[in-house]
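Student: Residue strings, one per chain:
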Amino acid sequence: MKIKFLDRKSTAEKILYSFMFVLFSLFALSYLYIFFWGIVASLKTHTENVMKPFAFPEVPQWKNFKEVFTLFTPNDTTFLEMTFNSIFFSVVPAAGGIMFTAMLAYVTTKYKFWGSQIYYYLSFVVMLLPIYSSGGAMFKLIYNLGLMNNYLFVITAFGGIGASYMYFAAFFKNLSWSYAEAAFIDGANDWQVFFRVMLPQSMTMLGALFLLSWMGAWNSYDAQLLYLPELPTLSVGIYLFDFDMKYYVRRDLLFAACMVSSIPTLIVFICFNNIMMNNVSLGGIKE
Amino acid sequence: MSTMLQAKKVNWSRIIFVLCFILVPTINFLVFYVYVNFDGILMAFYRYDVNYNKIWGLDNFTMFFDELFHQSNGIQLAFLNTFKTFLIVLLIFPWGIVVSYFLYKKIPLYKTFRVLFFLPSIINGIITVIVYKNFVSVEGPIAMMVQNMLGLPEPPDLLGDPRFANTFVWIHMLWLSFPGDMIIWGGAFARIPDGVIESGRIDGASWITELVKIILPMIWPTFALKAIMLISSVFGASGAVFLLTNGDYGTITFSAWQYIQIRNNANNPNSVVYNYVSAIGIIVTLVSMVLVLLGKWAENRLFKDVDY
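Taken in sequence, the protein lines are chains A and Y.
Residues are numbered in this note's numbering as their position in the first sequence, beginning at 1, plus a constant of 28.
Residues are numbered in this note's numbering as their position in the second sequence, beginning at 1, plus a constant of 3.
Wrong hints could be hidden among the right ones.
Derived DSSO-like pairs (lysine-lysine); straight-line CA-CA distance at most 30 Å [to be verified]:
{"#": "1", "chain 1": "Y", "residue 1": "Lys299", "chain 2": "Y", "residue 2": "Lys229"}
{"#": "2", "chain 1": "Y", "residue 1": "Lys299", "chain 2": "A", "residue 2": "Lys201"}
{"#": "3", "chain 1": "Y", "residue 1": "Lys109", "chain 2": "Y", "residue 2": "Lys299"}
{"#": "4", "chain 1": "A", "residue 1": "Lys91", "chain 2": "Y", "residue 2": "Lys299"}
{"#": "5", "chain 1": "Y", "residue 1": "Lys216", "chain 2": "A", "residue 2": "Lys42"}
{"#": "6", "chain 1": "Y", "residue 1": "Lys136", "chain 2": "A", "residue 2": "Lys138"}
With the C-beta cut set under 7 Å, the calculated list includes, among others, these residues of chain Y facing chain A [to be verified]:
{"#": "7", "residue": "Leu26"}
{"#": "8", "residue": "Tyr107"}
{"#": "9", "residue": "Ile129"}
{"#": "10", "residue": "Ile130"}
{"#": "11", "residue": "Val149"}
{"#": "12", "residue": "Met152"}
{"#": "13", "residue": "Gln261"}
{"#": "14", "residue": "Ile285"}
{"#": "15", "residue": "Leu289"}
Everything labelled a hint here was simulated from the structure, so no lab data went into it.
Cβ coordinates follow ideal geometry from the N, Cα and C atoms, glycine included.
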């Protein structure tokens, strides 16, 4: 039960909260302004964007959003092809990566076998110790395996050892085995127990981690720029359009492409922000 | 006897089940982590001659130390900028806890703030960079402000002028990092029992006492883990240098330098640049390994008695 007077604040705290409120508001508005400015810029002509970057459009250029689909073609890749690449290179690695991690965490926490604990320690090391010498070797390997500009590049994401493993391992460790035992008594096999009994219980966390991973992959550009320049995603396409053609680029198309490419992440975030923000925790509470 | 034999009978279906679950992640780890890092170590110790024959030795390392200490070039600057950026990251770290604390304490409109503060994570970094570049461009309001403040003859190119470029890369980083790691801290705070906080308030704890003496010890495992992860990432500290300036105008950092080196030589996978990058990477990894161990030692040593 809440005690009412606890919610009362001293004058100093009221000043502090007011200050923080103003500060929070300023930053929140500045983040909103990114969208506002982007939408306004995407409705202007190229000349308006160059000459008056902070003015409103004289006549809103809705055609920019239509032209994105025909004229926004960095590396001769169409917008629809880039959209497909974005979907493929974000959904498949995120789904595969999270699923393999959940499966690995489940068997290594619930089935005791030689070496089952090593995955925990490996994840800990991977998480805590970034190795800075692997960039060149990774590039060589991807090149030699023929994964450059190849849809099979997604297999690099089908790992399972690292930070996400820790989340799943903590979850499955705390999940009672009695659910599985009941299912085994009813005649279920190991596969059925995992997919029908244990995995569904981790759905909220699995969903949160999938969405976070998907958003990261959707917006990612560095690995794609290095390994998949001929299969550009929307992020890479926007980069190539803006950064590699700095002085010739049609700014109106660029901003329209930016706005269109943000729509999927925005929609997903609006629909699922509670799931994403409330179901991930790291490290636990000291008892 | 038959029961014993039955008990010892190998459960092949279970073995296959376990193998199926561990096989892909294990192979992936062996190929894309173990092999890659092993090859990275090997690469550091050889170079290619003109006929693409491997010449083993410590040339890559001597070249690195020579460039680091005797020549004024990019790598010195990259490390210097990395350390400066890391100092900013160190400031952002506790600030993130403070932001999450006020959200946890339900500052007015906290739900709206929580959603809006997550926007930088969902907006493509390239888009925020394009918008930011327009703000700080010569035609933008900020360049004009700087011009007036410093009495310059014309608005400066804030990302294209070595006098200002680093500062404005850091401002971009501070701007977008303001909310800190909201998900992690929010998740940790949410698990603190309400009663603990309420009893602290009854005893007259101020907000800072509550945060430092009640909340922080309660979320200590999370804090310690994040702190160690922060220390280990010292050489990865970098703003959006690649997108904002491509490492030009004195803004290069170590991770941006590595990325640019690899990208610039992408048409030649046997380039000696990769070997040089690997050698520097090994040294940097060793240093960060020592830092992590020191951090872990300090955590165990200094904070052993913190308890609630």
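Student: Hint by hint, where does the structure go against what was stated? Just the numbers, ascending.
Tutor: Hints 3, 4, 6, 7, 8, 11, 12 and 15 are the ones this structure does not satisfy, whereas the remaining hints hold.
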